[in-house]
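Q: Spelled out, the chains give:
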Amino acid sequence: MMISKTILGLIVVGSAVLLLNCKPKEEETELSEEYYTGGKNGTAFVAGSNAYEQMSDAVKDVLAFKRGEAMFENNYVTGEGTPFSGLGPVYIRSSCIACHPGYGRSKRVDNFNSDEYGNGYLVMIHDADGKILPSFTGMLQTKAVAPFLPPVDEKGIHITWKVFTDQYGNRYPDGTTYSLIYPEVSIDRNAINVPVPSEYYVSIEGTIGIYGTGLLDAITDADLRAEAQSQSQRGYAVGKLGPDITEADGSTHPGRYTYGCTRGTLQNGPGSNAIWNITNVTRPDRAYHYITEPYATAMADNVQIQQSLGWTRDSIYNYLMSKNLPPEMSMSEFDEFMIWHRGLAVPAARNLDDPKVQEGKTIFYSIGCTACHKPSWTTGEDKYIAGYSNQKIWPYSDLLQHNLGWKDKNASPGLREWCRTTPLWGRGLSLICAGHTDHLHDLRARNFEEAILWHFGQAETAREKFRNLSKSQREALIDFLNAI
Amino acid sequence: MRKISYKKVGLLVMAASLGLGFNSCKDKEVDEEQVFSEILESYVDNTVIATYANLADKALELSDLCQQLKAQPSQAAVDVAAQKWKEARVFWEQSEAFLYGPADFRNLDPHIDSWPLDKNQLDQTLARPDVDNLDATEARATLGVNLLGFHAIEYVLFKDGQPRSYAEIPARELTYCAAVAGVLAEDCILLEASWKGINNISQAKAEILAAADLSITDEYGNQMKNAGKTGSRYSSQKTAINEIIEGCKDIADEVGNSKIQDPVQSGDVLKVESWYSWNSIADFCDNIRSIENAYLGGIPAQRSHSLSSYIASIDKEKKTDLDGEIKSNINNAITKIQAIGSPFRNHLDNKTGANEATDACDELFNSLNKISQHIQ
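Those sequence lines, one after another, are chains A and B. Just so you know, the working numbering puts 148 at position 117 of the first sequence, and the rest follows in order with no gaps. Just so you know, the working numbering puts 30 at position 46 of the second sequence, and the rest follows in order with no gaps.
Treat the hints with care, as some may be off.
What the hints assert, rightly or not - List of simulated lysine-lysine pairs, BS3-like, C-alpha gap at most 25 Å:
| id | chain 1 | residue 1 | chain 2 | residue 2 |
| --- | --- | --- | --- | --- |
| 1 | B | K303 | A | K97 |
| 2 | A | K97 | A | K414 |
| 3 | B | K303 | B | K335 |
| 4 | B | K354 | A | K97 |
No lab work stands behind these hints: they were computed from the structure.
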């Protein structure tokens, strides 16, 4: 049986009344468009543990979606010839879901253990200017298939959570206190198995969510550039457009994915790269390892590895650096992975008719949040999923980078002095879906309140307005964030 | 094969998840709060915790038998351990309608049922002399998830669908098996404790967790029972009820569209999960029985308050028969899965049978959808 949207709207509007007393007839009202966070065709009306895992109704090939989903959920294994084989020789994690609990973001941890489910921290080793050191891949590999060694033994990675105190002593004007922490990360020199200079720095970054990324892909470059252009004309919180990225087909697109806006399209986005470089599972368009030359040299020069494999130094080096490795994943499998990736729907908004949520919405729109957390976009034509075309979506992000001022606060921003504005859609479901409420690029915020209070730099004016709200108003704003 | 209408599902589910009232207006609200409380209590205590307690008990017995097998290898010891593996497996498969919560957050699903087994890495591991001294503590600390769980134990105990000949099993494999069975037992206890509360499990089980340095603070069962109250991650009773339904739908969908269709469409026997015990048809049927237990309340012979009786009461009022439809679809799914032929790996060419089983799972999925529609 099909339930009409009109009926649904009636139910939503009448809900408060129905629970308290029964009226013979309710006024029929359409569900407001903000409930359809992923547009009419990309929204899933599920609010439980599997809310981030839903297939959008616009996906046509259900079984391909399911097979792609299996690639995300299953562990990749070493060797060859079995399902999900091809892991290694050096890798970051053996499955995607290990870093995306419940398909959501990774969680904050005290100790770096890549076998701990939900620890999705990616580690970067870089110089003082943030440039990744040549011995290491952009995302540090801490796992290897014997006899190979990982570039870093992860037992030598240390995360220390430091207390941050703002200029107000972490106290609201109404006297209520709050707590803020940030990470400092180090790696023992003797845990490093490749050449490293005397001075090196370490940063961490949590994984981001996956749902809705297909819809973000459907926003046109022109609209993205227009938003950047529009912001450049205003005198505050001017966002930085991601750099132009040239794709394999020669087309160029501004970066819109990752905190650093380093990826311009979903087809060449963080997910399509991760299924290769997190696992080092090769495929026809990636017939080589995600590996550095200094690492290959270090492994090839290692006599124990030579003896264990029974290979010469050159054989090891050539294997590791080969550009013509046999594919361990076929392009049709990769296509199915992308059907799943692109097809994940956005959870519908919830409780928008609740008076406190409505109060929070008013505050969200009035204290400056929307300057960067742009509520809605309308997608253009989508060549992958026709149903994603011309959809009004509600990601609450301008997809531009902004400066949250952590460097000025000496609060260890790592590589991300400028961060892409995080889409807020569905984030209120993180506790039930992913088991935690951690936010921001390195997950330093343990809840929405702390996330807001880490908004310095371009967002400090909004932060000040938030601090000056009453307790009830602050709660209302957070109720709104939980609802969208 | 029928395409599942996800959009319809979404609209229906949303109505439920928003904590809405009911069409019927006979001063039912208070009664319904009570009814939902009873359903949630029954589901948590008599279905979820009862299943996990049985799983933990069987896993402990399996661990003991694997230790005995290691100490005194014999064919009888292999046979009895293999039989116990199957008994424990029943309760794991019957828990797959509630894989959310602790099974997910605590990494217990991949630890307990990691698939595929990393055979290449396992061969390397079993070539190491130090594995002769492996115990559960060391196994937990040093073996990745790809070398733990039911399928790792299955590798040692089974071959070609039968218990292995004990003479073929090297002593090092028996050591590995006993260590991994120890980790499995700990993880199954952890699962029970995560729902029931660490202080509410038996003293013996608590001591095993303490010895393994495993602790929990959550009592997930209470989160569901107290849905809608402060401290619960479920904002309303409806959200929690909906979680039950979604868990059932997820596994109905997975059995039909992934576990059955993936191997059949690819013709790849290695995509059939149980490589060594060939237990997959029994596993699939137990997955459907997990839906049956979640829907009927309790476990067989110990039924209690349930979604089923609630739906039956709505049916009576509305002159519908959704309860009958769901029960019939549960039985039909099991019948059609069994009709594919066992072992599944030898019947991958039975595409008609597989498609009928998948259709039956889809029909079950679609009838479960209608629960939300009935409680608007």
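Q: For every hint, state whether the structure bears it out.
A: Hint check:
1. B/K303 to A/K97: With a Cα-Cα distance of about 37 Å, the restraint between B/K303 and A/K97 is violated, given a limit of 25 Å.
2. A/K97 to A/K414: holds, 21 Å
3. B/K303 to B/K335: violated, 38 Å
4. B/K354 to A/K97: Cα-Cα ~23 Å, so holds.
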